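Novice: Listed below are the residues making up each chain.
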Amino acid sequence: MTYMRPEFRHPDLPVNDLGYTRKDYEGAISTLCAGCGHDSISAAVIQACFELAIEPHKVAKISGIGCSSKTPTYFLGKSHGFNSVHGRMPSVATGANLANRDLTYIGVSGDGDTASIGMGQFAHAVRRNLNMLYLVENNGCYGLTKGQDSATSDIGSIGKKGTPNLFEPIDLCTLALELGATFVARSFSGDKDQLVPLIKAAISHCGFALIDVMSPCVTFNNNPNSTKGYEFVRDHIAATGKTDFIPVRKEIMAEYNPGFTQEVTLHDGSVIHLYKNDSDLDLHDRLSAIQAIHRCKEKNEILTGLLYLDPDCEDLHQILGTVEKPLRDQNEEVLCPGSKALEAINESLR
Amino acid sequence: MQKITSVNDFVVCFANTNGTGSASANNLFAKSIFRMGIPVSPKNVFPSNIQGLPTWYEVRVNDKGYLGRRGGVDLMVAINPQSIAQDIKLVSPGGYFLYDSTKPLDAGLLRDDINLLGIPLTDISRREYTDQRQRQLFKNVIYIGALAALLDMEFDVLKNLIHEQFKGKEKLIAPNIHALELGYQYARKNFDCPLGIRIERRAMVNNHILMEGNEALALGAIYGGATVAAWYPITPSTSVVEQFEKYAKRLRVDPGSGKCNYAIVQAEDELAAIGVVVGASWNGARAFTATSGPGVSLMNEFLGLAYFAEVPTVLIDVQRSGPSTGMPTRTQQSDVLLAAYASHGDTKHVLLFPSTPKECFEMGAASFELADQLQTPVIIMNDLDLGMNEHFSEPLAWDDATCYNRGKVLSESDLENMKERYGRYLDVDNDGICYRTYPGTHPTKGAFFTRGTSRDRYAVYTESSDAYVDNMERLLVKWETAKGYVPKPEFRPAAKTTTDGIIYFGTTKASAEEALDILSEQGVHLDAMRIRSFPFNADVDAFLENHDRIYVVEQNRDGQLRTLLINECEIAPDKLKALCCFDGMPVTARWIIDHVLGGGKATRPVPAIREVKA
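Taken in sequence, the protein lines are chains E and Z.
In short: position in the first sequence from 1, add 159, done, that's my numbering.
In short: position in the second sequence from 1, add 589, done, that's my numbering.
To be clear, the hints were calculated from the coordinates, so they are not data collected in a lab.
Bear in mind that the values here come from a model prediction, so they are computed numbers and not experimental data.
Treat the hints with care, since some could be wrong.
Said to hold, decoys possible - Below, a list of computed lysine to any residue pairs in the SDA-like style, where the Cα atoms sit at most 20 Å apart:
no. : chain 1 : residue 1 : chain 2 : residue 2
1   : E       : K499      : Z       : T991
2   : Z       : K835      : E       : G497
3   : E       : K319      : E       : G497
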């Protein structure tokens, strides 16, 4: 745990398209345990928002309860945040998003917050295709109450307490795929090269984007017999391939190997390239994604990377047909029908 | 035989089977009396079921303008064989009993103290119509036609209503009017028309309307500027959001683009419904949800968050009979304590108690102003009786000069010009209400972290006891401020000076006022106060102070408002006499009179005694 951060910044720090430095996207100093995977995810969010050149105050950060849900304090300090109640981040995010469709919504949750107490809300946020990045910081345990198994913990996995988990794990990616999620990815907090482009792609996606990030709990679930520890994850990771995120108006420089490359253009014109390791995976085919996850699982591997993407989906605002201007900015001139309309209603009730 | 005689003062009860289309026919009956210029109050007594169970529709006609439930039945229209044995017993001696005489009435049911009116309804509809569904539907219209003759109603009024009802479906007009005529002619030919009870045109309706409270609340939300509604279906609140959607489609669609200036989410449960409201309100939209007691139980968690994090939240509670699932289709005022202190820890919430559709509309709109100004949950305490029944009401009114007051919200330029450090929980004005910012307002100033955990005045997480106490005490300052913002009670002084008082709230108003008139004629004088909101302000304190004995009439078992008054106003419990009617039916004037006269010594809640025992 760090108590102080040096204020000094090199005068020639790189700036993004809006002229902001990476520092403009930082938050308060983390109070999580030293080495916590969650801090790496916060750093990846900062990097992704910096690279995407999002205005640092035009993001709403929403979370539930738990170690993961604390992290929005540690990134994007110029944005508003809402640390709500346990498992209820999706509903708060739904309301917030409906009020103002012009902000970027980043929801941060954990495996307890999503796969147990918040399972219902998670499922329904997926169904609504809420335009948001939904990050699960998945460590397979309840850190803040000192290491109980969570619902994503693998059967037989052993945490610090030394007793194996007895129950089947919930795979949030296959679940989201079944529920109709329009962007599904899995990553690892220790793989920044993979995570940053995935976050950028997820934020650019116009719809619900799930990234389930393996994020080891260094204090309670990082022993050799845990399947959510650094050692196991590093040894058993398999990737769908290397993901490149190419923003709008940027020239595509790399050469791609046809058959093993898939290119997806998002609504805003940005492009995602996946250099696939598995030619059977088709990013537009849910079934192929589910099968790829299962194939890896059978080999005792964790499949990471972009798994599924539907760039042509309609988000909740499009489904509901709401006006372009944020609802919260409408005034009585637009919203209040006035006394004449009311008199007509009175007349219809006589 | 004795016959009840009365002009414009009686109760007609329709006993039907639910799902047979009787509701629209019965509504036609009530509406035509209203159109004849006479105050009317219809009440549905329906089962928690979709098809096949008994349902009753009770219509009180009263040209003195008394609109509460009266109790007793002068004319029973007994269409449901399932409940006929019970229905015939409900008729007052000298009353009338209209039944389907296609089959003879069971001799065991016959009473010699009531007047039987047999009409072969099934025979007539079978003769006239071939389609099974039509036979069932028109049977209802036929008995309405018969009532027109029996009660001397103006046939043209009924005909006009049929024309209005089927505007756009003109094919249905002629067969409906034919059905009315079938019944009308049969009654004229076979009975002495009119009966001892009858309708005579009056000019008492003026510009009044007939409206359900839930519909008025929905309109209040439209006029009050709500843009986000989230809900989970539950009787008796469902029609609030359904009506909101109906009016929004009509009044809130942008004419240029055809896009909606509103968003409605049918959530996965009540927890999510209020979560959406909290999220939308936090982000600057006016948002609301509607539910009933079981939903409020689930919403406790978010109500505590909204109270502590100070997020405006509007919740409409259409109360039904609890506890648990209770009697889902019967009325009660039994969520008072639940709502007042919802959620764990020290919490209290602003409550509004509407009594009429007009007040539902006004409080519906005002709740958003109050929530924004006080930055806290505001709970509107409606009930099934007011919410789902049509009530005779003054017309709704709106002042076009009204501008929405969003409370203390800092704009981008406010923040830009601010020299000092912004503190979300800094009590700058010493009224306990601090300044909000909406997300995304200013590039560098005004961002903060909203949380359910303790924080200092700058919204920074802290476990400092001093900071925690400071914040909790400021919330009490805000609570005091709220007393000046919420609607004041309504007073109705007695004709003669007295130290006796009576307190009531919500839908009890109509019956209580009728009871007070009758008691006054009997020489019993009570000063009355109708509570319209919580927290209680100085007017409430003064009323309690100035009276020695006060009856508190409420529709729950435990005298919840009485408990709240004792607790919040710190007065001696002996002073407040609880009169608790909690059988699920709207309280009647008769009940209140009986219990004021008989229950004056009770300090414990007095149990309800049913008006009519089957």
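Novice: Could you run down the list of hints and mark each one as holding or not?
Specialist: Hints, verified against the model:
| no. | hint | result |
| --- | --- | --- |
| 1 | K499/E / T991/Z | holds, 14 Å |
| 2 | K835/Z / G497/E | holds, 17 Å |
| 3 | K319/E / G497/E | violated, 65 Å |
Hint compliance for this structure: hint 3 is the single one not met.
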